[in-house]
Amino acid sequence: MLNQEIQDILSRSKAWGWVLEPDAKRLLALSGVDVPQFKYTDQVQEAVEFAERIGYPVVLKVVSPKVIHKTEAGGVALGIDNKIALGEAFHRLRGIEGATGVLVEASVPGVELIIGSKIDYQFGPVILLGVGGTGVEIYKDTTLRMAPIGPEDVLSMLKSLKAHKLLEGYRGAEPISLTALTRTLTAFSALVIALSESVTSIDLNPVFCSASRCVVGDARVMLE
Amino acid sequence: MDFQKLFEPKTLAVVGVSLSNDRHPANVVFNKNRLRYPLAVYGVNPKGGQLHRSEIFSRVSDIPEKIDLAVIAVRADLVPEVLLECIESGAEGAVVISGGFAETGNKDLQDRMAAIAREADFPLVGPNCLGIYSPEYVDTFFLPSERMVYPAKGNIALVSQSGGVLVDQMINMADEGVGLSVAISVGNKALIKEVDLIGYLSAHPKTDVIAFYLEGFEKNGGRDFVLAARECGKPVIALKSGRTAEGGRAVSSHTASLAGDYKVFSEVLSQYGLVEATSQFELISFCEALSCYQKPIGDRIGIITGSGGHGALAVDVCASHGLSVPRISKALQEEIRAGLSRGVQPIAALGNPIDLTGSAVDDDFMAAATCLSQSDEIDCILTLVLPYSPGTTSDLGARLSRIYLREGKPMVAYVPHLEKYRMLIEGFELNRTPVSPAIEGAVLMAEALRRCQPC
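Read top to bottom, the protein sequences are chains A and Y.
My numbering numbers the first residue of the first sequence as 344 and each following residue consecutively.
My numbering numbers the first residue of the second sequence as 15 and each following residue consecutively.
For the record, the hints were derived by calculation from the structure and aren't laboratory data.
Backbone N, C-alpha and C define an ideal beta-carbon position, used for all residues, glycine too.
Each hint should be verified, as a subset may be incorrect.
Simulated pairs of lysine-lysine, DSSO-like, Cα-Cα distance not exceeding 27 Å [said to hold, decoys possible]: (1) Lys277/Y - Lys505/A; (2) Lys508/A - Lys483/A; (3) Lys357/A - Lys233/Y; (4) Lys382/A - Lys409/A; (5) Lys483/A - Lys502/A; (6) Lys502/A - Lys220/Y; (7) Lys24/Y - Lys220/Y; (8) Lys413/A - Lys426/A; (9) Lys233/Y - Lys167/Y; (10) Lys167/Y - Lys309/Y; (11) Lys309/Y - Lys233/Y; (12) Lys309/Y - Lys502/A; (13) Lys80/Y - Lys61/Y; (14) Lys167/Y - Lys220/Y; (15) Lys121/Y - Lys505/A; (16) Lys309/Y - Lys248/Y; (17) Lys233/Y - Lys207/Y; (18) Lys207/Y - Lys121/Y; (19) Lys167/Y - Lys61/Y; (20) Lys277/Y - Lys508/A; (21) Lys248/Y - Lys121/Y; (22) Lys254/Y - Lys207/Y; (23) Lys277/Y - Lys502/A; (24) Lys254/Y - Lys483/A; (25) Lys483/A - Lys24/Y; (26) Lys382/A - Lys426/A; (27) Lys207/Y - Lys24/Y.
Derived coverage of chain Y by chain A (criterion: at least 3 residues anywhere in the stretch with Cβ under 8 Å from a Cβ of chain A; other residues may be distant) [unchecked claim]: (28) 229-236; (29) 274-283.
Isolated chain Y (complex conformation) (with noise of 0.2 Å):
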């Protein structure tokens, strides 16, 4: 089955759209593509006519070009028919917008629309979707782009069942500067699912990251996901709801009772070296941190401070998460001392963290940091960096960032997020180098770099 027309599609139809409601799921995503986005776009209803000035056709076999892709939004019950109309006419995939299917007990409807796709081998997203959002290719969110927040072109792919925690991933996306290559609510999945769309993320050129937000699976449905998972060569990560909903079930064997759902999910994720995370702040750690690296590392993290507290408290929470802080050698604390500037020499703490102290100014940062990339005592650095330090400039970010460049040794980073920092924190992110704006959110990302084993 191909997907390419999917995701790069240059003609629209948009089935169902409303010639009297401009709010219609349908006129959303009509409007939206017409307007921002390099496709031909045709509105489909059976009454015909003209909306906003564009004929409007009654039937898809009307439209006088070959549909690449056809956004279905009519009611549930006349989805077959509009699905079997856009196969006839040689479309060549459907993202099927419409609820009212298996999520409220339509389950037989569901199938039939199913084996419809399936028998034609017709690529088919949903139903109960947002579908599809190709950054500068089509964009089948019914949400109007102005409540959006669109996040910068990358190479995370975002895949989710639920079409609310999608969008609020793309926020925090935004929020956070990581990039988005493509996100896709898969709805109720009765066609398409995250396996498949591993087996066409694994070969877009695109994405070097795949995000799942899952529910949960069909009949041996994991299985299929970690095994395509293990095999597609690029990290995977997957937040999972319903982790506590188990529990309660009277069962005949300690084994059936000591392995409940999410702990079955959980372990075989780590088996398989998916990297699970377990809250919305997780995900976009891991994210933001694999979208930078994508090979695994060792635990051993050196951390580089302008602050013993912080210094402290990162160490805290590398305990915590299973990374090891340890105390570097003589050898490497003296060489790392002899590249300090004269007034911090005397005051560093040098066996890890690194306490450079509140007079520590950009080249010791520098300095501390290129001992570190050249030893292999570590196997990341994590800066905690402190931008209210009058030593520190708006230029550590880019300069650290260099070094890494180099040296090629992974390097996180904490930086407060405020506005007047901003160019500081784009000197990391837009140089590879990823931000936190908290402590363990630096230290969750050196943690998705060790956890991602076979990637």
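This is chain A alone, in the form it adopts within the complex (with noise of 0.2 Å):
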């Protein structure tokens, strides 16, 4: 399951005890896990070109081993849609501490949930769902499944939250679609298998969900 680079990923992490978002990231993508496009870069010349030619809006976030929780660190800036808002994010986020570089990635609409797994002493990998966001711990409206999971499960826990109608569909909005979830979660669930000796929780938050997509917006995967 895990490939050459998954595992390169896994073994340059180490040094910081967590994966940075743009491996993070790649390691998703190549699990089967969709991402926006994004680019990683230092030169504000490569951030711009790149937004140019996805277009705007874009999002920038601090790429940095120090910093693991970027909002707290004011490392993410939302709804850049113009050259100048740009240059002048990215400098602001180069200068916070530790900063090897930006993400610079693609706007992507969709319900906010929280994807996530923990390697559980007594049961081994689990995976989480829940409404995501930064709210994630006062809501706290999650269910967890023993991984691996299957797509009867998936419904069962998107049955199980207190949002479910808000994904179902609720007043005339369009309803996630079960079967992206269905892909994502099942496609985690058995990244999470493959990484249980490797890692002892992952955070998936947001997850942005639409009536076609699940993207996931960031990542967090915290090495054993």
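Assembly of the complex is requested from the two constituent chains, each provided in isolation within its own frame, with the hints serving as guidance.
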């Protein structure tokens, strides 16, 4: 399951105990989990070229081994919709402690979910699904299953969230794609099983789920 | 590893009997088995001599018969040596009662003992436990018989990490008329763990339901446990302590913070169709319900009552336990009404709850229960019986149970548990209809059937 590139990512991340976001995104993409188009660079010109190619608005995030909680460190700039704003944000983020570069990403629409995993001492790898975003520990609307999980587990997980009505098309909104969510969760489950000796926990938060896709906005992979 | 001889031994050695202190745990085990169980019992003490006019052997190997089960109650540091002697003399299994192992920090000693047993493929229960109560075969609990409460023989196997909680549950089972197939206190689980017992009990013909009191598992032990429980083909109930002992740990990810030990335990159990009890009362209610019915049901409850207030209370409890009390169809209501006695027909409220009123007689309960049993609008009948109503007789329990036996639709009942209503209660319980002394208990019984999905 773990190809050479994933193993390389894990071994170079050991130095700081977690996987930097560009590597985490690459790791997920290699495992069949959808991530936004992104560019990791320390050159503002490259950032601008990338943004112009994929189209504004974009998201900029700091990449630093010293910054594990980016929001708290002011390391996230959302809704960047022109070259000047991008340049300003880029230089601000480059100034954050330990910054090695900046991640430029496509903005993705969707309901914010959290998909996570932890290697439980008694039960081994478990998969979490819940209402995501920055309020995840306030709402605590989450559910858990022991990995591996299959499509029927995904359905029962969704049903056991208080927010399931919001996700299934509340007051005229489009429901999120069950197919995309199932594909994401089952691919993630397989990845977690393969990584269970190497990681302690993983947060994919937020995961943007819409009627067509589930895309991982941010990923935190904590190593053993 | 063959556990048969642990549970159905014909010969028992009790190692560590005292020649001077008859309250010693080994002496209690020696005495109760010698006096009350159909097996040959041999006491062992290095000094030899006699106890209660029986010969005491200085070594296990001196016993003239092959030993099926050895109960070891010597000082912890002497246990490995005794264990080796048991294995060498051909014993088939052992229960180590002695404490002083991992629970007091002597993990090495415990590991050494477990390694000896594992090497010899020798079943070992304990240490630091009460061991095994196998009705009509053997009782290794070092509690004098006159102090214990023994439930009737039945189809529930009880497995507990704590001996004290196990004995408590046996008292509760006896109180509620729930029968026991075997009780096992596993103590420190040096060798035989819950998962091994699921394997044995799944093929144990006298056991239909397996109930656990759990404290914790070793690494990945919970995973093995739920996987085995799903495969065993019998309902598995679990009560866990330490549900609130989490929090306060600094963790670096949301998932680690949100997926606390207990939340994982609870959600994984329900993922695999185990029925988690959150209190001793729930445990006993679930045991009683699943001892009668082992097939899962839907969530639609039909309530039959002689009192509107009881019906309303039961509806509230159903709602808080995720059970529905759907209004039944006009056609079904008319069918029920046609079967009611003339005095009750015009005053009964039949929408669900079916309130037959204080004027109801046994035949009215029978009519309503028969119609509900034959209808596919509900999955389980909850009967609230008020034995003090003048129209209710002591026969009602046995009569209503017969409807279940005939129609096969699960029925649970609430009856106040007073000695003078005993015949009514036994009429239900002896005919496979579980009865609770509390409305909430009766609802819990229905909930157990709904939650036990893969069973």
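Tested hints:
no., hint, verdict
1, Lys277/Y - Lys505/A, "holds (16 Å)"
2, Lys508/A - Lys483/A, "holds (16 Å)"
3, Lys357/A - Lys233/Y, "holds (24 Å)"
4, Lys382/A - Lys409/A, "holds (20 Å)"
5, Lys483/A - Lys502/A, "holds (15 Å)"
6, Lys502/A - Lys220/Y, "violated (38 Å)"
7, Lys24/Y - Lys220/Y, "holds (18 Å)"
8, Lys413/A - Lys426/A, "holds (22 Å)"
9, Lys233/Y - Lys167/Y, "violated (35 Å)"
10, Lys167/Y - Lys309/Y, "holds (22 Å)"
11, Lys309/Y - Lys233/Y, "violated (32 Å)"
12, Lys309/Y - Lys502/A, "holds (23 Å)"
13, Lys80/Y - Lys61/Y, "holds (21 Å)"
14, Lys167/Y - Lys220/Y, "holds (9 Å)"
15, Lys121/Y - Lys505/A, "violated (45 Å)"
16, Lys309/Y - Lys248/Y, "holds (10 Å)"
17, Lys233/Y - Lys207/Y, "holds (13 Å)"
18, Lys207/Y - Lys121/Y, "holds (16 Å)"
19, Lys167/Y - Lys61/Y, "violated (39 Å)"
20, Lys277/Y - Lys508/A, "holds (23 Å)"
21, Lys248/Y - Lys121/Y, "violated (34 Å)"
22, Lys254/Y - Lys207/Y, "holds (15 Å)"
23, Lys277/Y - Lys502/A, "holds (17 Å)"
24, Lys254/Y - Lys483/A, "holds (22 Å)"
25, Lys483/A - Lys24/Y, "violated (56 Å)"
26, Lys382/A - Lys426/A, "holds (16 Å)"
27, Lys207/Y - Lys24/Y, "holds (24 Å)"
28, 229-236, "holds (count 7)"
29, 274-283, "holds (count 6)"
When held up to the earlier numbered hints, the structure conflicts with 6, 9, 11, 15, 19, 21, 25 and fits the remainder.
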